[in-house]
Amino acid sequence: MSSGISILVIDDNKIRASIIEEGLRDAGHDKVILVHQMDGLVRQIADINPDVIVIDLENPNRDQLEHMFQVSRTVHRPIAMFVDKADSLSIEAAVDAGVSAYVVDGLKRERLKPILDMAVSRFRAFSKLAQELEDARTELADRKSIDRAKGILMKSKGLSEQEAYELLRRTAMNQSRKIIDVAQSLIIASGLLAD
Amino acid sequence: METRLTSVIAGFIPLLDSAVLVAAKEIGFAEREGIALKLVRESSWANIRDRIAVGHFDVSHMLAPMPIAASLNLTSLSVPMLAPMVLGLGGNAITVSSTLWTEMADQGADQNGDPASTGSALARVIRARGEARGSSIRFGVVHPFSGHAYELRYWLAAAGIDPDRHVEITVLAPQLMADALTAGHLDGYCVGEPWNSAAVVAGTGRIVTCKQSIWPSSPEKVLGVTRKWASANPEVLAALMRAMSDAADWCSDPNNANHLTEILTGPDYLACTPSICRPALCGEMRFDLTAARTIPDFLTFSGGETAAPTPEHGRWFYEQMVRWRQAEFSDDQVEEVSSIFSPSLYRAALGLEEKAAEGSIRLFDTP
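In order, the protein sequence lines correspond to chains X and Y. Number 10 in the working numbering belongs to position 10 of the first sequence; there are no gaps in the numbering. Number 31 in the working numbering belongs to position 31 of the second sequence; there are no gaps in the numbering.
The set of hints was computed from the structure by calculation and includes no laboratory data. Be aware that a few hints might be false.
With a cut-off of at most 20 Å between alpha-carbon atoms, the simulated SDA-like pairs for lysine to any residue come out as follows [claimed, not checked]:
hint, chain 1, residue 1, chain 2, residue 2
1, Y, K38, Y, R4
2, X, K14, X, E132
3, X, K157, X, I188
4, X, K108, X, G98
5, Y, K228, X, L89
6, Y, K38, X, G98
7, X, K14, X, A97
8, X, K178, X, S127
9, X, K113, Y, S76
10, Y, K228, Y, S344
11, Y, K355, Y, F329
12, X, K31, X, Q44
13, X, K14, X, E58
14, Y, K38, Y, A232
15, X, K178, X, Y165
16, Y, K38, X, D96
17, X, K113, Y, V54
18, X, K113, X, G98
19, Y, K38, Y, T265
20, Y, K38, Y, H56
21, Y, K355, Y, E335
22, X, K155, X, T138
23, X, K108, Y, S76
24, Y, K228, X, E92
25, X, K113, Y, L77
26, Y, K355, Y, S302
27, Y, K38, X, S176
28, X, K144, X, K113
29, Y, K228, X, S88
30, Y, K228, Y, H56
31, X, K14, X, R25
32, X, K108, X, S88
33, X, K144, X, S156
34, X, K14, Y, S43
35, Y, K228, X, K157
Covered by chain X, per the in silico footprint, the following chain Y stretches (three or more residues, Cβ under 8 Å) [unchecked claim]:
hint, region
36, 140-150
37, 162-173
38, 283-293
We put the beta carbon where it would ideally sit given N, CA and C, even for glycine.
Between the sequences and the hints, there should be enough to build the whole structure, so can you do that?
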């Protein structure tokens with residue numbers, strides 16, 4: 001069933017925009033339009049004539065957009081910032097998640113809330129994914145460093161892989177440091193001492 | 001003995017006049033006052049407004065009219081605010097495209113940025129264009145509630161140009177202005193440094209006048225704080241303002257200009273080339289690619305007396321809001337604006353004596 005509300009999503013992160021689009025479509029909004037760049041945005045908004053505009057807070061053009069809503073003759077209907085109509089919890093949730101929304105005047109609050117809630121939860125999900133990816137990258141990099149440090153110890157001290165790892169672990173424990181920190185110092189030190 | 005630092009989170013926009021906040025953190029003035037200052041770079045004034053309103057930021061680098069607009073409920077997410085300290089005087093300029101400058105120069109525009117002369121030259125260009133092919137000169141400012149918007153409008157109106165009818169004024173992020181000029185989306189703009197020098201260095205723009213010529217030694221950015229946070233944390237705010245006064249004095253010392261340029265151009269702050277920051281920080285502005293001009297006090301950072309807000313300056317901004325139909329005049333609002341720009345918190349924090357008399361405001365065309 002179609003909600004009949006048209007939603008414009010402005011986000012230059014195409015993956016995140018798609019995630020939001022999918023969520024909104026799943027929730028029954030079939031009029032979702034994605035915009036990735038701001039060139040000619042005034043004309044695009046005039047053409048699309050959306051009921052709701054969702055924009056990410058990293059976008060440097062929010063000031064321009066808000067000004068445009070206030071003065072532009074090409075935007076047919078008055079547009080307000082959604083947060084002005086929302087409760088303080090929704091406002092905080094949106095700002096926390098990094099999203100803002102604007103709506104045409106007259107659209108009922110109860111019809112809007114699910115849309116913003118959806119955008120907020122999808123923004124959060126995206127941040128979580130991005131963080132997990134970052135963590136995974138760091139973990140991989142850490143594991144590589146530890147492997148190199150073990151290699152250095154195995155070669156210089158004639159240890160087995162297990163013994164090399166034990167030595168790193170013991171050193172870290174004795175010095176109240178992380179294994180990765182010990183491994184990194186070892187790599188730097190051995191780099192300095194190498195001829 | 002280890003003392004615990006109080007955390008203060010401040011939002012800023014990457015502009016030269018974020019220098020006082022940046023120096024307060026990087027040179028250690030905040031820490032000396034017991035404050036762990038965390039700076040968060042933002043991409044729009046709308047974000048600054050939203051994040052201070054929901055409490056993500058304790059304080060923020062703000063356009064001087066913003067705390068007024070927020071307190072008078074003229075923008076979204078309005079909350080009562082204060083502007084307890086001025087972060088910089090001057091620093092803005094009006095730049096036009098090389099094409100428009102050629103037309104203005106033909107109409108006798110002063111080469112040295114005299115605002116009365118360049119304004120009338122522009123008025124003659126608009127008249128000439130109007131007869132020929134319809135005038136459609138478009139200017140950019142960074143925000144409707146900004147010194148930039150009011151300086152540009154004042155300069156235009158003083159030359160008989162109606163900012164709402166004879167030209168178009170649009171809003172654009174500062175770092176995008178020079179590119180918009182090059183692309184022909186704008187014919188001119190009023191913005192803080194280094195974004196005028198960016199167009200000059202690129203060879204696509206020409207500075208026609210500056211804030212210091214339009215309204216000498218006038219406030220540009222302020223420290224913005226909600227009344228709620230200020231009243232809940234009076235001692236932290238006082239300590240922060242002491243730190244920032246010291247930081248401002250450090251920034252104003254010409255011996256530190258190179259060090260300051262180095263910090264500000266870094267990846268966490270402006271992330272730009274030193275060549276576009278130096279002119280304003282060293283007071284050696286280039287209006288075009290020829291000789292540099294020494295403009296005394298083009299951009300001033302200074303603590304002590306200089307950084308104290310004055311109610312009269314707040315009222316000037318309010319008058320502009322009324323003049324350009326952003327606000328409806330009322331005596332109550334005049335009172336409110338005067339208290340937003342009250343110097344009392346700052347003076348008390350620094351132990352400065354109360355000063356009764358206020359100087360009068362003098363703009364370039366004040367008789």
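Against the structure, the hints:
1. Y:K38 x Y:R4: Answer holds: K38 (chain Y) to R4 (chain Y) is near 15 Å, not above 20 Å.
2. X:K14 x X:E132: Status holds; Cα separation ~18 Å.
3. X:K157 x X:I188: 17 Å, holds
4. X:K108 x X:G98: Violated, because 23 Å separates the two Cα atoms, which is more than 20 Å.
5. Y:K228 x X:L89: 18 Å, holds
6. Y:K38 x X:G98: 19 Å, holds
7. X:K14 x X:A97: 17 Å, holds
8. X:K178 x X:S127: With Cα atoms ~27 Å apart, K178 (chain X) and S127 (chain X) exceed 20 Å; violated.
9. X:K113 x Y:S76: 18 Å, holds
10. Y:K228 x Y:S344: Cα-Cα ~17 Å, so holds.
11. Y:K355 x Y:F329: 28 Å, violated
12. X:K31 x X:Q44: 15 Å, holds
13. X:K14 x X:E58: 13 Å, holds
14. Y:K38 x Y:A232: Since the Cα atoms of K38 (chain Y) and A232 (chain Y) sit roughly 19 Å apart, the hinted pair holds (cutoff 20 Å).
15. X:K178 x X:Y165: Status holds; Cα separation ~13 Å.
16. Y:K38 x X:D96: 17 Å, holds
17. X:K113 x Y:V54: 18 Å, holds
18. X:K113 x X:G98: At roughly 16 Å apart (the allowed maximum being 20 Å), G98 (chain X) and K113 (chain X) satisfy the hint.
19. Y:K38 x Y:T265: Since the Cα atoms of K38 (chain Y) and T265 (chain Y) sit roughly 18 Å apart, the hinted pair holds (cutoff 20 Å).
20. Y:K38 x Y:H56: 11 Å, holds
21. Y:K355 x Y:E335: 19 Å, holds
22. X:K155 x X:T138: Roughly 26 Å between the alpha carbons, so the hint for K155 (chain X) and T138 (chain X) is violated.
23. X:K108 x Y:S76: With a Cα-Cα distance of about 18 Å, the restraint between K108 (chain X) and S76 (chain Y) holds, given a limit of 20 Å.
24. Y:K228 x X:E92: 17 Å, holds
25. X:K113 x Y:L77: Holds, at about 17 Å.
26. Y:K355 x Y:S302: 18 Å, holds
27. Y:K38 x X:S176: With Cα atoms ~28 Å apart, K38 (chain Y) and S176 (chain X) exceed 20 Å; violated.
28. X:K144 x X:K113: Roughly 47 Å between the alpha carbons, so the hint for K144 (chain X) and K113 (chain X) is violated.
29. Y:K228 x X:S88: It holds: about 16 Å lies between the C-alpha atoms, which stays within 20 Å.
30. Y:K228 x Y:H56: At roughly 13 Å apart (the allowed maximum being 20 Å), H56 (chain Y) and K228 (chain Y) satisfy the hint.
31. X:K14 x X:R25: 16 Å, holds
32. X:K108 x X:S88: The hint holds at about 17 Å.
33. X:K144 x X:S156: 18 Å, holds
34. X:K14 x Y:S43: It holds: about 19 Å lies between the C-alpha atoms, which stays within 20 Å.
35. Y:K228 x X:K157: 63 Å, violated
36. 140-150: This one holds; 3 residues, not fewer than the three required, reach chain X with a Cβ under 8 Å.
37. 162-173: holds (count 4)
38. 283-293: Coverage by chain X is violated here, the residue count being 0 at a Cβ distance below 8 Å.
Hints 4, 8, 11, 22, 27, 28, 35 and 38, counting from the list given before, are not met by this structure.
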